[in-house]
Amino acid sequence: SQAAGHLTLVPQLFEALAAAQASNVLVVVGGVIPPKDVPTLEAMGVSAVFGPGTNILQAAKTVLDAIERQEGRS
Numbered sequence: 095s096q097a098a099g100h101l102t103l104v105p106q107l108f109e110a111l112a113a114a115q116a117s118n119v120l121v122v123v124g125g126v127i128p129p130k131d132v133p134t135l136e137a138m139g140v141s142a143v144f145g146p147g148t149n150i151l152q153a154a155k156t157v158l159d160a161i162e163r164q165e166g167r168s
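Residues in the sequence shown are numbered consecutively from 95, following my numbering.
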């Protein structure tokens, strides 16, 4: 987000997932996220980051690939 909310909200989301024993849930984020924040988000555990103008087919493939990696199919 333009207010860098993703750097606050994503850690809170991961905490909530852990508390719900749902740490296996893939997290993807999108929006106006500065490229310099992408490595930080990935280090937090975000599986994919999509910015404005992302091709929907490429985004879908990226998410499907992440699911396959998580399930150990690739």
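Please keep in mind that the hints were generated in silico from the structure rather than gathered at the bench.
Treat the hints with care, since some could be wrong.
Listed below are the simulated DMTMM-like cross-link pairs for lysine to aspartate or glutamate, each with C-alpha atoms no more than 25 Å apart in a straight line [stated by the list, open to error]: (1) K155 <-> D131; (2) K155 <-> E136; (3) K130 <-> E109; (4) K155 <-> E165; (5) K130 <-> E165.
Right, here's what the structure says about each hint:
1. K155 <-> D131: holds, 22 Å
2. K155 <-> E136: holds, 18 Å
3. K130 <-> E109: The given pair, whose Cα atoms are some 23 Å apart, holds under the 25 Å limit.
4. K155 <-> E165: Holds, at about 15 Å.
5. K130 <-> E165: violated, 29 Å
The structure fails hint 5 only (numbered hints given earlier).
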